[in-house]
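*Asks:* Got chain V; can you put chain G on it based on the hints?
Sequences listed follow chains V and G, in order.
For the record, in the first sequence the residue sitting at position 330 is 330 according to the working numbering, with numbers rising by one throughout.
To convert, count from 1 in the second sequence and add 446; that's the working numbering.
Derived by calculation from the structure, the hints in this document are not laboratory data.
Careful: at least some of the hints might be erroneous.
Unchecked claim - Output of the computed footprint for chain G on chain V, the stretches with three or more beta carbons under 8 Å from beta carbons of chain G:
#1 47 to 60
#2 78 to 88
#3 93 to 100
#4 256 to 268
#5 285 to 297
Small disclaimer: the values here were computed from a predicted structure and weren't measured.
Don't be surprised by glycine CBs; every beta carbon is placed ideally from N, CA and C.
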Amino acid sequence: MQLRIRAISVALLSAVALAGCASSTDSSDEGSDGGTAGGACEPSEGPVELTFTTWIPGIEGVVDLWNAENPDIQVTVQTGPNGNGGTYQNFFNQLKAGNAPDLGQIEYDALPNFRVQDGLVDLGVCEDVMAAQDDFVDWTWNQVSFGEEGSAYGVPQDAGPMAMFYRADLFEENGIPVPTTWAEYQEAAVQIKDLGGYITNFSQSDINQFAGLVWQAGGSWFANDGTEWTVDLTSPESVEVADYWQGMIDEGLVSANPPWTSEWDNAYNTGSDWTWISAVWGANSIASGAPDTAGNWAVAPMPQWAEGDAAAGNWGGSSTAVFKGSEHVYEAAQFALWLNTSDEALTALNKAANLYPATKAGADLPALQEGVEFYGGQAIYDVFAEASSQVNPDFTWGPTMTQVYSDASDGFKGAVTGTGTLTDALTAAQASTIETLKSQSIPVKE
Amino acid sequence: MSATGTASGAAKTSSANMSLGARENPFSRTGAMIVMGVFTVYFLMPIWWLFVSATKDRSQFTSTNPLWFAEFNLVENVRELIDYDQGIFLTWIANSAVYTVGGALLGTILAGMCGYALAKYPFRGREVIFNVVLGGVLVPATALALPLFLIFSQVQLTNTFWSVFLPSLVSPFGVYLTRIYAAASVPDELLEAARLDGSGEVRTFFSMSVRLMFPALVTVFLFQFVAIWNNFFLPLIMLRDESVFPVTLGLYSWNTQVNQIPELRGYVLVGALLSIIPLILIFLLLQRFWRSGLGAGSVK
Chain V
1 MQLRIRAISV ALLSAVALAG CASSTDSSDE GSDGGTAGGA CEPSEGPVEL
51 TFTTWIPGIE GVVDLWNAEN PDIQVTVQTG PNGNGGTYQN FFNQLKAGNA
101 PDLGQIEYDA LPNFRVQDGL VDLGVCEDVM AAQDDFVDWT WNQVSFGEEG
151 SAYGVPQDAG PMAMFYRADL FEENGIPVPT TWAEYQEAAV QIKDLGGYIT
201 NFSQSDINQF AGLVWQAGGS WFANDGTEWT VDLTSPESVE VADYWQGMID
251 EGLVSANPPW TSEWDNAYNT GSDWTWISAV WGANSIASGA PDTAGNWAVA
301 PMPQWAEGDA AAGNWGGSST AVFKGSEHVY EAAQFALWLN TSDEALTALN
351 KAANLYPATK AGADLPALQE GVEFYGGQAI YDVFAEASSQ VNPDFTWGPT
401 MTQVYSDASD GFKGAVTGTG TLTDALTAAQ ASTIETLKSQ SIPVKE
Chain G
447 MSATGTASGA AKTSSANMSL GARENPFSRT GAMIVMGVFT VYFLMPIWWL
497 FVSATKDRSQ FTSTNPLWFA EFNLVENVRE LIDYDQGIFL TWIANSAVYT
547 VGGALLGTIL AGMCGYALAK YPFRGREVIF NVVLGGVLVP ATALALPLFL
597 IFSQVQLTNT FWSVFLPSLV SPFGVYLTRI YAAASVPDEL LEAARLDGSG
647 EVRTFFSMSV RLMFPALVTV FLFQFVAIWN NFFLPLIMLR DESVFPVTLG
697 LYSWNTQVNQ IPELRGYVLV GALLSIIPLI LIFLLLQRFW RSGLGAGSVK
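Pulled out of the complex, with its shape left as it was, chain V reads as follows (with noise of 0.2 Å):
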């Protein structure tokens, strides 16, 4: 009786476990079925749906004037956490169970990782799509494309360059001239440190911030030649730029804050921290984490490491990109191009989620030639247009950034509190990353 029970449980539960397996197997089959209906640019018969997964705020109302100027091809949109809080899994669950939306935003440093995954229609088979690659800055739509000719895997939609915010008042009346480069802003800090201050806050996890000064610098983390990866976290400008804020968090010339929090906001708002080397979009952040210091900012270009030099880094930026298997490419193309290149669209955008654009013409939207109150009055989006420009194309993400990000931010906090330096850091987070690529079976270099 005994043997029988157990017999019966086991054969239940093997029962139970290949069914499992069996439906798993179905349902990707099914996936790569309805990813290979969607191909051709070609526009589709009739009235077309179209679903849009963004976490952008206030997209909704953006959205509503494409749905009224455009009664056939309608678009629903689907907000949540943002990418990394969550939506990016989600794309991957959907894509590998066959019901992903037909658009989605996708950062720049996410792309790869899509892209590597074949989740992601070439929007180079759609001539609109390639037509408006130079309605676009250079470097984003060498995100978009990985350099590759006549592709695109999504489109640009805004940007991140970056610039120094500084407090013009405290600069001016303590003397200090404001710097124009690192080594100026070095001897800055030393000023300001014995005035009781910070000259900035270094972000121990904000590590896309941090890739953003490499990029400033020329460096590039990761390089694709088409067959290979190469993954170089400790390039001669990578540590350069590491060694230079260790240095500055080894004198307590800069204070360390988790960003993003209380206390970071309080650093700011009381005037303990004098500068912050941020992307266009921390222009709100600052605004209302420090509500008490409105009027007494101002935007000066980042520091360079040369004397005359004029490159800017960037921190952020997404596209909007085509997932595998939506039946209405070249519907979705349409909207997509809509969204991040028409005026109405781009102004919108601006004035929901202070987005700024990744076109050329973008720059001189209305909305962005006005001073803003809360820095003195000036018209600070001058000083991220000519940023814009001066980003290096040659920058290239690396298909884990997820990963790289976590590996390097573990380093980054021991450092930021005197446990190893931030060039360990990047080392440490080299080694795992090539770990990860293998593990994943993505061809790396050694």
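*Replies:* Only chain G this time, still in chain V's reference frame:
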């Protein structure tokens, strides 16, 4: 004889108590109270902080003492929260309420019926089924979320109310608890008497056995309520449309956008405070059942 006798008698019994009975050591009692006090403060401090922060204006977060009030703005904060984004927060609370109350009620009834059947009706394969269900307790819900997503994709039910509601109805732990309790609290003789009186099995269950099993059913309801209200990973994977989010996923979604929309930091805190209120209420109302349910069967 009387006064001194009883006094010496009392002295004798008290000394007898000291040597024979289990008398509480005053040190161990104070020690236990201190430990409990420390843990109480530890657990209640975040809730206190949440309450205090929810009453503050956002600009006061950093400049005032985090554990004490500044201006008392709770009513305005709640009003702003409810107005934001056309009342999406109320939609989320309503969604959570439907998922939770509906799911917990139905789930409890299902688990109760399963446990009762396993306890009271001997049939071939009963132990096998029970062991398989018990194995289900060991599987963490997060491991099941992705396979569930793939299954629901095949029947095109993802991103709907049912994709979160249906998986919430399942409670292997509930089946286990109700089986144990039914075996202990529903006497077979009572069931036989009911059958003799002509009552069908379903009628017997709902009119008699449910009342006998009530503490266990309330315990299962409470566990399911907390689990479904706090359920985050399954909705994250299944749902894409904000209008069907439960409040956990909605607050998380806001929290990921705090960098772009700093007002959300305040709304997340006020929303978090509002979202724990139903749980606290339910616990306070039902705790006597929960306490007796936990101890069921320990003193026969």
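*Asks:* Given that the stretch 47 to 60 of chain V was listed as covered by chain G, double-check it with a C-beta distance under 8 Å for 3 or more residues.
*Replies:* Since 3 is at least three, the answer is holds.
*Asks:* Residue count check for the stretch 78 to 88 of chain V against chain G: does it reach three with CB-CB under 8 Å?
*Replies:* Contact hint for the stretch 78 to 88 of chain V vs chain G: holds, 8 residues under 8 Å.
*Asks:* Count the residues of the stretch 93 to 100 of chain V with a beta-carbon closer than 8 Å to any beta-carbon of chain G: does the count reach three?
*Replies:* holds (count 6)
*Asks:* Quick check: the stretch 285 to 297 of chain V, covered by chain G? Criterion 3+ residues, Cβ under 8 Å.
*Replies:* Three-residue rule met by the stretch 285 to 297 of chain V, so holds; n is 5.
*Asks:* Establish whether the coverage given for the stretch 256 to 268 of chain V by chain G is satisfied; the threshold is a Cβ-Cβ distance below 8 Å, and no fewer than three residues must meet it.
*Replies:* The restraint on the stretch 256 to 268 of chain V holds, since 5 of its residues have a Cβ under 8 Å from chain G and three suffice.
Violated hints: none; the structure is consistent with every hint.
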